[in-house]
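J.: Using the sequences provided together with the hints, build the complete structure.
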Amino acid sequence: AQSVTQLDSQVPVFEEAPVELRCNYSSSVSVYLFWYVQYPNQGLQLLLKYLSGSTLVKGINGFEAEFNKSQTSFHLRKPSVHISDTAEYFCAVRPVWNTDKLIFGTGTRLQVFP
Amino acid sequence: EAGVAQSPRYKIIEKRQSVAFWCNPISGHATLYWYQQILGQGPKLLIQFQNNGVVDDSQLPKDRFSAERLKGVDSTLKIQPAKLEDSAVYLCASRAGGQAQTDTQYFGPGTRLTVL
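Those protein sequences? They're chains H and S, same order as listed. Residues in the first sequence are numbered from 1 upward in steps of one, following the numbering used here. Residues in the second sequence are numbered from 1001 upward in steps of one, following the numbering used here.
FYI, nobody ran anything at the bench for these hints, they're computed from the structure. Every residue gets a Cβ at the ideal spot worked out from N, C-alpha and C, and that includes glycine. Hints may be right or wrong, so weigh each one.
[As the list claims (entries may be wrong)] What follows is a set of in silico ranges between Cβ atoms, one per label pair, in the way DEER data are often shown:
| hint | chain 1 | residue 1 | chain 2 | residue 2 | range |
| --- | --- | --- | --- | --- | --- |
| 1 | H | Glu20 | S | Glu1068 | 37 to 45 Å |
| 2 | H | Ser3 | S | Ser1027 | 28 to 36 Å |
| 3 | S | Asp1063 | H | Glu64 | 39 to 47 Å |
| 4 | S | Ala1030 | H | Thr55 | 30 to 38 Å |
T.: And the structure:
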């Protein structure tokens, strides 16, 4: 079975500051990893995904994430946040062999202050 | 390319009433999912369709929830009768449905249900 842990339920940060949202996962099989963003009153939008290759993945809106297999982590980073980045961020995993079994973490609310 | 469409966006009902949600997936996407997202939690899969057939409904509370995708395109999720604990956002997602391991799910805007 797979599980995802997002330890930080809320992350407050000032505009233009860097941010890191943490994600750790547990799985006995190889997995693909995803970050989704959910803006207020909207659905989930795919930010980035790690399937294979380079462990540093770049996504939309200036976000990037690094896959660390030894630490079973997939932390999301942005060097300088904007007010518009205020949203809920979800980390998700799925087994490589199963395109349907997407397991989500509980989410991290990023609040950017001016 | 149009995304996944859902309606209504918001719904408020009394407990024991019935409610239905509609989803139109991305054109050509064979696989469709319904997720339930309770406040403060990540989405959890309720049911998965491949074309018009159910692939996985193991997490669907079948005593009160039902879903269909009659023509393999649009889908409807129904709750009858609703309970207070059904208050949540109901998300529809779709993917192309091929065997490619890299296939990705795309989500609609969701329907926020409040049961009073």
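J.: All the hints need checking, so say for each whether the structure fits it.
T.: Structure-based check of all given hints:
1. Glu20(H) / Glu1068(S): 37 to 45 Å: The hint (37 to 45 Å, Cβ to Cβ) holds, given that Glu20(H) and Glu1068(S) are roughly 43 Å apart.
2. Ser3(H) / Ser1027(S): 28 to 36 Å: Check passed, 34 Å falls within 28 to 36 Å.
3. Asp1063(S) / Glu64(H): 39 to 47 Å: 45 Å Cβ-Cβ, so the 39 to 47 Å window holds.
4. Ala1030(S) / Thr55(H): 30 to 38 Å: holds (32 Å)
The structure agrees with every numbered hint stated previously.
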